[in-house]
Amino acid sequence: MASDIPVYSKQYINGDWVDSTNNTLPDSEKYIDVLDSNTDTVCARVINGSSADTERAIEAASAAFKSWSRTTVQERKGYVQKIIQEYMKRQKDVASALQKELGAPKFLAEKVQSVMFIAHMSTAIQVAEQCEWKEDVGESIIVKEPIGVVGAITPWNWPLNQIGCKLGPALMSGCTVVLKPSEVTPINAYLVAEAIHASGLPKGVFNMVCGKGKACGEILAKHPKVDMVSFTGSTAVGRHLHALGAQQIKRVRTELGGKSAAVILDDATPEQIGLMAGNVLGNTGQSCNALSRMIVPKSRYDECCQIAKATFESVKVTEPGNPNASKIDIGPLSSREQQKKSYWLHSKGYR
Numbered sequence: 018m019a020s021d022i023p024v025y026s027k028q029y030i031n032g033d034w035v036d037s038t039n040n041t042l043p044d045s046e047k048y049i050d051v052l053d054s055n056t057d058t059v060c061a062r063v064i065n066g067s068s069a070d071t072e073r074a075i076e077a078a079s080a081a082f083k084s085w086s087r088t089t090v091q092e093r094k095g096y097v098q099k100i101i102q103e104y105m106k107r108q109k110d111v112a113s114a115l116q117k118e119l120g121a122p123k124f125l126a127e128k129v130q131s132v133m134f135i136a137h138m139s140t141a142i143q144v145a146e147q148c149e150w151k152e153d154v155g156e157s158i159i160v161k162e163p164i165g166v167v168g169a170i171t172p173w174n175w176p177l178n179q180i181g182c183k184l185g186p187a188l189m190s191g192c193t194v195v196l197k198p199s200e201v202t203p204i205n206a207y208l209v210a211e212a213i214h215a216s217g218l219p220k221g222v223f224n225m226v227c228g229k230g231k232a233c234g235e236i237l238a239k240h241p242k243v244d245m246v247s248f249t250g251s252t253a254v255g256r257h258l259h260a261l262g263a264q265q266i267k268r269v270r271t272e273l274g275g276k277s278a279a280v281i282l283d284d285a286t287p288e289q290i291g292l293m294a295g296n297v298l299g300n301t302g303q304s305c306n307a308l309s310r311m312i313v314p315k316s317r318y319d320e321c322c323q324i325a326k327a328t329f330e331s332v333k334v335t336e337p338g339n340p341n342a343s344k345i346d347i348g349p350l351s352s353r354e355q356q357k358k359s360y361w362l363h364s365k366g367y368r
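The sequence shown begins at 18 in the working numbering and counts up one residue at a time.
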């Protein structure tokens, strides 16, 4: 391995950075290359974990659940606030990592992507404080209790958004977590784990295993000590995880691919049509809620096509780290796989 390429060789389990148990893999497969989307060159390498790594993380989370679930909301709030504080110390490094591993333009990385983690963690605190954890309903008493161990599997396109969406509510509810981040954009997750380690969160409450889905993700849906799986990603993988979880009647919550439509009405202005057309370009079109099709009045079809064309032509692919890039400028697609998929979709659309 080139000495100037950072190597993330550890898993975060039970409050410590530990070696992986992937000894059975050949040397060529023990690490995963993380590509700089701007140059298509290796910018880092991360450990390619094993199912045994994930099992160790699950056992740690399970052992920590008893004590963590008994903490008060205010105690959890203190820890989550400390996580946010430690994360903010690393936010510039997170944004820098996202510009490489995701290909996010400087503005998107600094002002949107890296901010989402803080926003969701803060919202989780607010919701937990407002929640009625115990209430009388007629002759019954309803008590809200933590589910248990949560397996969180996050995507590559909005990595910190989804880590925050899953981690914040789980921690504030009294659950323990095993995070399996995308191997395409894992560096930001390592920085989050560093922040959590520095926060002093009790051992085993948060664990992170990096690796491929087959080895490190599937076991979260199959393991009897995982009480809930939260997955964001493709429809095919989501369906598979639901099937695995069903064997134990496990809670599986999925946010899968979409094909959202912008509905253009007869009285829409050209400016409004342009805004709707431009929505699909955010994050270089790599968002599950992107308005990737427009439903338009037949009488305005040609006009809408012209406006969409003009909108797309006005957007530039910015240079990495360009501080003068416009808010609407986009970066490259995140990976070779996404490039191939986009070419395939374009060729299919032309037929």
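Some clues are possibly wrong.
To be verified - Mimicking DSSO-like on lysine-lysine, the simulated pairs with C-alpha atoms at most 30 Å apart in a straight line are: (1) Lys267 with Lys231; (2) Lys106 with Lys229; (3) Lys357 with Lys229; (4) Lys239 with Lys267; (5) Lys151 with Lys99; (6) Lys242 with Lys220; (7) Lys231 with Lys358; (8) Lys151 with Lys106; (9) Lys109 with Lys242; (10) Lys276 with Lys27; (11) Lys333 with Lys365; (12) Lys27 with Lys231; (13) Lys267 with Lys83; (14) Lys27 with Lys229; (15) Lys231 with Lys99; (16) Lys267 with Lys151; (17) Lys276 with Lys357; (18) Lys47 with Lys357; (19) Lys151 with Lys128; (20) Lys242 with Lys276; (21) Lys47 with Lys220; (22) Lys231 with Lys242; (23) Lys276 with Lys231; (24) Lys358 with Lys128; (25) Lys27 with Lys94; (26) Lys161 with Lys229; (27) Lys357 with Lys326.
What the hints assert, rightly or not - Taking CB as the label site, the calculated pair distances span: (28) Lys239 with Glu354: 22 to 30 Å; (29) Glu149 with Asp57: 28 to 36 Å; (30) Thr89 with Leu362: 35 to 43 Å; (31) Ala80 with His257: 23 to 31 Å.
Treat the hints as calculated values from the structure; they're not laboratory data.
Ideal Cβ positions, reconstructed from N, Cα and C, are used throughout, including at glycine.
Results for each hint:
1. Lys267 with Lys231: The hint holds at about 19 Å.
2. Lys106 with Lys229: holds (29 Å)
3. Lys357 with Lys229: Distance ~20 Å between lysine 357 and lysine 229 Cα, so the pair holds.
4. Lys239 with Lys267: holds (9 Å)
5. Lys151 with Lys99: holds (27 Å)
6. Lys242 with Lys220: Holds - the C-alpha atoms of lysine 220 and lysine 242 are around 17 Å apart, at most 30 Å.
7. Lys231 with Lys358: Between lysine 231 and lysine 358 the Cα gap is close to 21 Å, so the pair holds against 30 Å.
8. Lys151 with Lys106: violated (36 Å)
9. Lys109 with Lys242: violated (36 Å)
10. Lys276 with Lys27: violated (37 Å)
11. Lys333 with Lys365: Given pair lysine 333, lysine 365 holds - Cα atoms ~24 Å apart, limit 30 Å.
12. Lys27 with Lys231: Holds, at about 19 Å.
13. Lys267 with Lys83: holds (19 Å)
14. Lys27 with Lys229: Roughly 15 Å separates the two Cα atoms, so the pair holds.
15. Lys231 with Lys99: violated (33 Å)
16. Lys267 with Lys151: Holds - the C-alpha atoms of lysine 151 and lysine 267 are around 24 Å apart, at most 30 Å.
17. Lys276 with Lys357: Distance of about 19 Å is within 30 Å: holds.
18. Lys47 with Lys357: holds (25 Å)
19. Lys151 with Lys128: Since the Cα atoms of lysine 151 and lysine 128 sit roughly 38 Å apart, the hinted pair is violated (cutoff 30 Å).
20. Lys242 with Lys276: It is violated: about 35 Å lies between the C-alpha atoms, which goes past 30 Å.
21. Lys47 with Lys220: holds (26 Å)
22. Lys231 with Lys242: holds (18 Å)
23. Lys276 with Lys231: holds (26 Å)
24. Lys358 with Lys128: holds (28 Å)
25. Lys27 with Lys94: Holds. Lysine 27 to lysine 94 sits at ~28 Å (cutoff 30 Å).
26. Lys161 with Lys229: Violated - the C-alpha atoms of lysine 229 and lysine 161 are around 34 Å apart, more than 30 Å.
27. Lys357 with Lys326: Holds: lysine 357 and lysine 326 sit about 22 Å apart, inside 30 Å.
28. Lys239 with Glu354: 22 to 30 Å: holds (26 Å)
29. Glu149 with Asp57: 28 to 36 Å: violated (52 Å)
30. Thr89 with Leu362: 35 to 43 Å: 50 Å Cβ-Cβ, so the 35 to 43 Å window is violated.
31. Ala80 with His257: 23 to 31 Å: holds (28 Å)
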